[in-house]
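K.L.:
The lines below spell out each chain.
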Amino acid sequence: MKEINLKWFSVTKTELYIILGAIIAPFIFYFSPYIQGLLIFIMMWVILGSSWNLLAGYTGQVSFGHAAYFGIGAYAAALPFYHWHISPWWGLLTGGIAAVILGYLLGIIVFRLRGPYFALGTLATAEILRIAFGEEEWLTNGHNGILYITTWVTKLPYYFIVLAIALGAVFSIKAVMHSKAGFYFLSIREDEDAAKAIGIDTAKYKNISMAISTFWAGTAGAFYMIYMGFIDPEIVFALHNISIITILVGILGGVGTIWGPAVGAVIMVFVQELFRSAFFGLAPRWVGNIHALVFGLLVIFVILYMAGGVVGDWDLIAKKFRRTKPKEAKA
Amino acid sequence: MKNITKVFLAALLAVSFLFGLNSCSKKETGPIKIGVLLPLTGSKANFGEMEKNSFELAKAEINKAGGIDGRALEFVYEDDTGKPEVGRAGAEKLITVNKVPLITGGYSSSVTFAAAAVAQQYRVPFLVNTGSVDKITEPEAFNLTPKDGDKFYIYRLNPPVSEYASGLESLLQEVVKPKSVYIIHENTAFGTKGASSFKKSAEKLGIEVKGVQSYTEGTVDFKPLLLNAWKTKPDMFYMISYVMDAALIMKQARELNIKPKLFVGAGAGYTMPAFKENAGPAAEGVLSATLWHQSLPIKGAKEYFDNYVKKYGGDGPDYHGAEAYSAAYVVANVLKRCKGDYTPETIKKALDKTDMMTVFGPVKFVSYGKKIHQNKMKTYVVQWINGELKLVWPKNLANAKFEYPINWDKLWK
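Residue numbers (my numbering), protein chains in the order written: chain A, 1 to 331; chain B, 1001 to 1413.
Isolated chain A, as found in the complex (with noise of 0.2 Å):
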């Protein structure tokens, strides 16, 4: 988190590698569309999770409030389908330029403070959201929702969408954070006063942060009312459901690292569905209800032991495997 990781970025036969792993596994899993829901939601996630991550890892303004993004981008692709039955599609490219409009409306507010009090000011927006969408039903349906008869019944379509733009999210995040905007991004979250000092235009640049981060956010909540065909408030400007999984997808995987949320988003779906599922029903019922619990502790763990997450502590992890197994240690 405190140095700039550059050697994630030479390694792209490893890259290479993912992603051919993630073009492949659903085929291998082509009789069982259940695992290849899960692939599409731990997709999702790495589209959330990456998106924050460049507002909070790189940039250093912590998000709790990634869940408006996503939430005004499922609205984006459901309300001109509820009011004028227009598809839902529209909204991969509207859910972003929503998210991005909204963004940048909500920054003009939550980017005047810092530290603690933007994220309790990204978090306070996100609930004045679920808020308004359930009440103003004329506009929303309220809760009741809406509701999409989806365009496939096979998943197949849907995780090939969702990899596009979750590789978009990923390689277009790292791109950034290649060029100059990049370097300013990492100043502004090691000391904001210091970069203006040195002549960055903090405001623009934390402008542009929170523009690439919620396009993806907003893109990611548009495929979900494509992929789900169901939304109402409580579920897309969900607090814990999205907002807090967002980081701790983020924290897991590692802050500040390309890859961290991705190989968090993997941990997560997996550890959520283990226990929901209580041990793809192997154990008794009631592990279902401490699945919260498992994953809370797990976050404490990695805050504890390896702040820098999977991805930015892998070093430490790979050393401490090397030494207690050292003949597996070879190539």
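Hints are computed from structural coordinates only; laboratory data are not their basis. We treat Cβ as the ideally placed atom computed from N, Cα and C, and that holds for glycine. It cannot be assumed that every hint is accurate.
Stated by the list, open to error - Distance windows between CB atoms, simulated: (1) A:283 with B:1074: 17 to 27 Å; (2) B:1364 with A:120: 33 to 43 Å; (3) A:132 with B:1145: 25 to 35 Å; (4) A:156 with B:1099: 11 to 21 Å; (5) B:1206 with A:85: 33 to 43 Å.
Stated by the list, open to error - Listed next, the stretches of chain A that the computed footprint assigns to chain B, with coverage defined by at least 3 CB atoms under 8 Å from CB atoms of chain B: (6) 182-189; (7) 201-214; (8) 226-240; (9) 257-269.
Stated by the list, open to error - Calculated Cβ distances over 10 Å to all of chain B for the following chain A residues: (10) 108; (11) 156; (12) 197; (13) 244; (14) 293.
Please build the complex by placing chain B on the supplied structure of chain A, with the hints as guidance.
P.N.:
Only chain B this time, still in chain A's reference frame:
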């Protein structure tokens, strides 16, 4: 790094084989598996548990009596945790992994509605037994018309929420004659729809609606809401809540000494044993609309209630349990009429022709208004008297006298 990719790929392969093996065993003599979607964990687990118990009770009886043409009936439960997106995934899993030809259950409105879309899309019939928001049986909500009965796979055993208060209306008209009402509701699909339809009924009956106020599930302090409502001095409160909120509302109303002529709940939380356990003396005297009571003159109702208490203990089931128990019997009846062909299409055709008696009342899926595949039912009014839920309306079926006016000072002592 290479090592890790290899290990990861190997793990993926291993898991995929496990899942592949799972799905290829198919026996013709084994049990017939039917999917049940219920909230078994989370804030609505109270309801899910009662319904699951009732499904299991019915299953044991059905299998004891010979099962379905010699094959046993089996329910595969999927936990929707009370969240629509989890419910959708659950329904999908039942259809694609467990390959069930019929789904039943469906507790909260929003979850049921979201899951219904999945069933509709996969063309697998879904017999809803509790989810009550009106649009679940309105084909319009699924881009169909009421004429598309043969393309519509959703069936509903319980009446829609807009009809929950129909039994209450005559009680208000004939006995209480309140002049005004204040409506408090949970801000969910079930609560919002219930509130708007009761508002309409009240206006029709000439009762002035002093206000409609929503709250978010899990609110801990209802006092500002209650005090604001009480400022308007309504003759009655009409409340739509799930069980924990219901108990808290009544407890805090008692603490604030709010004493209208009536407190009326709209079913859901207000008829559950857990409501009484949590609200204590504050539950006394509270009325609720209900869809069922064990003292109704329906064959088997009392036996079901007693058997439930014998097997699971506690205070026994309310209408939610009866819905689940009856749904199990409808499932058995439908499957028997499929004559060994347990495919979604055959089951759907058999569902269309359903005309049977259950402990919940007669079941027949009819069309009216915007709805199709909807079972029509009467509704009743119950009251908590000395810690027990008693049927007080309609008068000819009641097993306790409705004392009016209610002396709150005495009840809340």
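K.L.:
State for each hint whether it applies.
P.N.:
Structure-based check of all given hints:
The supplied range of 17 to 27 Å is met by residue 283 of chain A and residue 1074 of chain B, whose beta-carbon atoms lie about 20 Å from each other. Distance hint for residue 1364 of chain B and residue 120 of chain A: a CB-CB separation of about 56 Å, inconsistent with the stated range 33 to 43 Å. Restraint check, residue 132 of chain A to residue 1145 of chain B: a C-beta distance of roughly 33 Å satisfies the suggested window 25 to 35 Å. Between residue 156 of chain A and residue 1099 of chain B, the C-beta spacing of about 19 Å keeps the proposed range 11 to 21 Å intact.
For residue 1206 of chain B and residue 85 of chain A, the hinted distance range of 33 to 43 Å is satisfied, since their beta carbons lie about 39 Å from each other. With 0 residues having a Cβ less than 8 Å from any Cβ of chain B, the region 182-189 of chain A misses the three-residue criterion, and the hint is violated. Coverage of a stretch by a chain is defined here by at least three residues with a beta carbon nearer than 8 Å to that chain's beta carbons; for the region 201-214 of chain A and chain B the count is 0, and the condition is violated. Here the region 226-240 of chain A counts 6 residues with a CB under 8 Å from a CB of chain B, which clears the bar of 3, and the coverage holds.
With 0 residues bearing a CB less than 8 Å from a CB of chain B, the region 257-269 of chain A misses the requirement of three and the coverage assertion fails. Its beta-carbon lying about 28 Å from the closest one in chain B, residue 108 of chain A satisfies the requirement of being farther than 10 Å from that chain. Even its closest Cβ contact with chain B, about 13 Å, leaves residue 156 of chain A beyond 10 Å, as expected for a residue assigned away from the interface. In this structure residue 197 of chain A is separated from chain B by more than 10 Å, as the shortest Cβ-Cβ distance comes to about 40 Å.
Its beta-carbon lying about 15 Å from the closest one in chain B, residue 244 of chain A satisfies the requirement of being farther than 10 Å from that chain. Every Cβ of chain B is farther than 10 Å from the Cβ of residue 293 of chain A; the closest lies at roughly 12 Å, confirming the non-interface assignment.
Of the numbered hints given earlier, the model fails hints 2, 6, 7 and 9; all others are met.
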